[in-house]
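What follows is each chain in one-letter form.
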Amino acid sequence: MNRNPFAHKSSGSQWVERLVFGLFRAGTYLILACALAVFATIFWKGGGTVFQKAAPYVNWQFLSQSPETLYVFQHEGIKMELGDREFRAFKKERGLDAIKADTYAHSAGGIWPCIQGTFWLVVGSMTIALFLGVSSAVYLSEYSHGGQLVGLIRLAILNLAGVPSIVFGLFGLGLFVHFMPVLAGVDDPSVPSLPVGFGYWLNFSGWGVCLASGWFTLALMALPVVIAASEESLRAVPKGFREASLALGATQWQAIRTNVLPYALPGMLTSSILGVARVAGETAPVMFTAAYVMRDAGGSSGLFNFIGQGVMALPYHIYVVSSKIPQNQYTERVQYGTALVFLILVSGIATTSILLRTRMRKRYRW
Amino acid sequence: MIAVEKLDFFYGASQALHGIDLRIPENRVTAFIGPSGCGKSTLLRCFNRMNDLIDGTRIGSGRILIQGVDIHDPDVDVISLRRQVGMVFQKSNPFPKSIFENIAYGLEVQGVKNRRRLEEVVEKSLRGAALWEEVKDRLHTSALGLSGGQQQRLCIARAIAVEPRIILMDEPCSALDPIATAKVEELIHELKRSYTIVIVTHNMQQAGRCSDLTAFFYLGRLVEMGRTEKIFTNPVQTQTEDYISGRFG
Ligand SMILES: Nc1ncnc2c1ncn2[C@@H]1O[C@H](COP(=O)(O)OP(=O)(O)O)[C@@H](O)[C@H]1O
Ligand SMILES: [Mg+2]
Chain A
43 MNRNPFAHKS
53 SGSQWVERLV
63 FGLFRAGTYL
73 ILACALAVFA
83 TIFWKGGGTV
93 FQKAAPYVNW
103 QFLSQSPETL
113 YVFQHEGIKM
123 ELGDREFRAF
133 KKERGLDAIK
143 ADTYAHSAGG
153 IWPCIQGTFW
163 LVVGSMTIAL
173 FLGVSSAVYL
183 SEYSHGGQLV
193 GLIRLAILNL
203 AGVPSIVFGL
213 FGLGLFVHFM
223 PVLAGVDDPS
233 VPSLPVGFGY
243 WLNFSGWGVC
253 LASGWFTLAL
263 MALPVVIAAS
273 EESLRAVPKG
283 FREASLALGA
293 TQWQAIRTNV
303 LPYALPGMLT
313 SSILGVARVA
323 GETAPVMFTA
333 AYVMRDAGGS
343 SGLFNFIGQG
353 VMALPYHIYV
363 VSSKIPQNQY
373 TERVQYGTAL
383 VFLILVSGIA
393 TTSILLRTRM
403 RKRYRW
Chain B
14 MIAVEKLDFF
24 YGASQALHGI
34 DLRIPENRVT
44 AFIGPSGCGK
54 STLLRCFNRM
64 NDLIDGTRIG
74 SGRILIQGVD
84 IHDPDVDVIS
94 LRRQVGMVFQ
104 KSNPFPKSIF
114 ENIAYGLEVQ
124 GVKNRRRLEE
134 VVEKSLRGAA
144 LWEEVKDRLH
154 TSALGLSGGQ
164 QQRLCIARAI
174 AVEPRIILMD
184 EPCSALDPIA
194 TAKVEELIHE
204 LKRSYTIVIV
214 THNMQQAGRC
224 SDLTAFFYLG
234 RLVEMGRTEK
244 IFTNPVQTQT
254 EDYISGRFG
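The listed protein sequences derive, respectively, from chains A and B.
Residue numbers for the first sequence follow the working numbering, beginning at 43 and rising by one.
Residue numbers for the second sequence follow the working numbering, beginning at 14 and rising by one.
This is chain A alone, in the form it adopts within the complex:
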């Protein structure tokens, strides 16, 4: 019988090999464990708020109502827990004036205005970020001819990506909330203003805490991701399409519009959505520029009223209910419920954009 020439040898290098791989594997599993722990905790604790055991299985009240103050009191020996409106109705019904009740802010009702506010923030900032990002990506990778200025621009974009979100928030506060000009029919004496003629002035009074300020702040924050994603998508379009278009007598813009952008757009869109979804989760920029602790779901009519209104936002709401109000047994319900809704929303957006990308990639192949 021959000896097996491939038999295991317990040499030192094999031992090291096993150790190294063991470490790598452990590291990877640790990440998985962390992710699972986060998801599981939020699902476990927030599930009770968002879902319910009986049909329709989803707690619509939590999703569709505004946050309310919770009143807890003893009535004829029974412990009552009522939201603001219910509490007032209860008092009126019984003709009771003063009931001694403990109040817990934000612990009753739902989070509909936050969902709505976050939705509008995402839509608006995505539109702005896409427009600015795609324009500058096209300029940088199609029109510009290298050079120092372009190098400087790229450096600026890189730096923008590294700016902490709190700094963006403060920047937005300084620029949009306190400084940006507003067109008005009167000269506001308390702020610098520029006459523009026809009886109008630009008053540098700032836009205030409102959707518009939040849009621009979030858009600036998402811009580096959008530009990088757009440039990458543009680079993925074969050079041959541009050359062939130009050789047929197209102008550069015609070539870009008809034979570059259409093929790059799916990639640009989906990567940008991911980028914006990520910044929409940031609290700092929103809390200085657009978010209120309490607002009703948007009802303002007219465009200017709409973009000039402050909103509630999911990340800021989470921040408020978990650190700005006194903690007690009633707050946890809202904290985890909001976190769960937020998580579902953001991963929903991410999944949709990835699915969209796969589908669109299939359509445009070359």
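It should be emphasised that the hints constitute simulated quantities derived from the structure, not laboratory data.
Certain hints may be false.
What the hints assert, rightly or not - DSS-like mimics (lysine-lysine), calculated; alpha carbons at most 30 Å apart, straight line:
id: 1; chain 1: B; residue 1: K104; chain 2: A; residue 2: K281
id: 2; chain 1: B; residue 1: K205; chain 2: A; residue 2: K404
id: 3; chain 1: A; residue 1: K281; chain 2: B; residue 2: K243
id: 4; chain 1: B; residue 1: K126; chain 2: A; residue 2: K281
id: 5; chain 1: A; residue 1: K281; chain 2: B; residue 2: K196
id: 6; chain 1: B; residue 1: K149; chain 2: B; residue 2: K243
id: 7; chain 1: B; residue 1: K110; chain 2: A; residue 2: K404
id: 8; chain 1: B; residue 1: K110; chain 2: B; residue 2: K205
id: 9; chain 1: A; residue 1: K121; chain 2: A; residue 2: K366
id: 10; chain 1: A; residue 1: K281; chain 2: B; residue 2: K149
id: 11; chain 1: B; residue 1: K205; chain 2: B; residue 2: K243
id: 12; chain 1: A; residue 1: K281; chain 2: B; residue 2: K137
id: 13; chain 1: B; residue 1: K149; chain 2: A; residue 2: K404
id: 14; chain 1: B; residue 1: K205; chain 2: A; residue 2: K281
id: 15; chain 1: B; residue 1: K110; chain 2: B; residue 2: K149
id: 16; chain 1: B; residue 1: K137; chain 2: B; residue 2: K104
id: 17; chain 1: B; residue 1: K149; chain 2: B; residue 2: K104
id: 18; chain 1: A; residue 1: K87; chain 2: A; residue 2: K366
id: 19; chain 1: B; residue 1: K196; chain 2: B; residue 2: K243
id: 20; chain 1: B; residue 1: K19; chain 2: B; residue 2: K243
id: 21; chain 1: B; residue 1: K149; chain 2: B; residue 2: K205
What the hints assert, rightly or not - Just a few of them, taken from the derived set where beta-carbon distance is under 7 Å, the chain B residues facing chain A:
id: 22; residue: D68
id: 23; residue: R95
id: 24; residue: M100
id: 25; residue: N106
id: 26; residue: F108
id: 27; residue: Y118
id: 28; residue: G119
id: 29; residue: V122
id: 30; residue: K126
id: 31; residue: V175
id: 32; residue: I179
Note that the Cβ used here is the ideal one computed from N, Cα and C, for glycine as well.
With chain A held as given, fit chain B with the ligands onto it using these hints.
Just chain B with the ligands, lined up with the frame of chain A:
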């Protein structure tokens, strides 16, 4: 038709063409031959100013006249130049659109919207490129569904749709099988009645088969140019003879 006078051409600091002097006559097929990197494509891309797209390129001295006009004259609009001087690329590059849209593209960017007119031109160009019979039932399907040879003929059809005077072809058959190559060569033969054709080729037989004149380049210089039979049977320069007989290159 095309006259090149003492042309020096640079990619940044490196000179790719040295003092090129040549004349390309009308309604003839002129072949550019020579080993890789000798500057054939560079010269070809000078004729429709495709090199403008590459950063750092410049003409050191000399000029290029097409129909007597210096194409770098400030009065020359590069867009109208490219409409007159069409190009077919080495790697066939149909747009990922329908066959019809591919052919109509050149007219659409000129602002032609009339559907009837576009249909006419598409049919005429496809017939001109000997492709009509093969694709007439699938004009509105993707051009990427065509075979490699058909795609290259589509690119030729696309180029002739804008009715240029000159067609530049940069190794149009290098990615094609022999049968597809034969079809394209046949087509070139047909096209020379109406167009002036300049073709870069690596394939000696191809140059011999389909060109009237041949120019041999080596290391960025024009070594010899003349009637194809003459270049192939009785070249003046020994370099040309060595290259054609396969002793180097
Ligand atoms: N985009 C470019 N940038 C710099 N050098 C180039 C570029 N294209 C070609 N060259 C150089 O110019 C020379 C001629 O190239 P080319 O015209 O492509 O040769 P051919 O078509 O005869 O094979 C080569 O030395 C090549 O390295
Ligand atoms: Mg070449």
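Cross-check of the supplied hints:
1. K104/B x K281/A: 11 Å, holds
2. K205/B x K404/A: Violated - the C-alpha atoms of K404/A and K205/B are around 40 Å apart, more than 30 Å.
3. K281/A x K243/B: Measuring from Cα to Cα gives roughly 38 Å; hence the hint is violated.
4. K126/B x K281/A: Holds. K126/B to K281/A sits at ~27 Å (cutoff 30 Å).
5. K281/A x K196/B: Cα-Cα ~27 Å, so holds.
6. K149/B x K243/B: 42 Å, violated
7. K110/B x K404/A: Between K110/B and K404/A the Cα gap is close to 14 Å, so the pair holds against 30 Å.
8. K110/B x K205/B: Holds. K110/B to K205/B sits at ~29 Å (cutoff 30 Å).
9. K121/A x K366/A: With Cα atoms ~26 Å apart, K121/A and K366/A stay inside 30 Å; holds.
10. K281/A x K149/B: Given that 30 Å is the threshold and the Cα spacing comes to 29 Å, the pair holds.
11. K205/B x K243/B: It holds: about 20 Å lies between the C-alpha atoms, which stays within 30 Å.
12. K281/A x K137/B: 28 Å, holds
13. K149/B x K404/A: Since the Cα atoms of K149/B and K404/A sit roughly 26 Å apart, the hinted pair holds (cutoff 30 Å).
14. K205/B x K281/A: 29 Å, holds
15. K110/B x K149/B: 16 Å, holds
16. K137/B x K104/B: 24 Å, holds
17. K149/B x K104/B: 24 Å, holds
18. K87/A x K366/A: 20 Å, holds
19. K196/B x K243/B: 26 Å, holds
20. K19/B x K243/B: Answer holds: K19/B to K243/B is near 24 Å, not above 30 Å.
21. K149/B x K205/B: 24 Å, holds
22. D68: Where the cut-off is 7 Å and the nearest Cβ of chain A is about 5 Å from D68/B, the hint holds.
23. R95: 5 Å, holds
24. M100: Holds - the Cβ of M100/B comes within 7 Å of chain A, reaching about 4 Å at its closest.
25. N106: Holds. Min distance 3 Å.
26. F108: This interface hint holds because 6 Å falls under the 7 Å limit.
27. Y118: OK, holds: Y118/B within 7 Å of chain A, min 6 Å.
28. G119: Result: holds, 4 Å to nearest chain A Cβ.
29. V122: 4 Å, holds
30. K126: Hint violated; K126/B Cβ to chain A Cβ min 14 Å, cut 7 Å.
31. V175: 6 Å, holds
32. I179: Given a least distance of 12 Å, the restraint on I179/B is violated.
The structure fails hints 2, 3, 6, 30, 32 (numbered hints given earlier, in ascending order).
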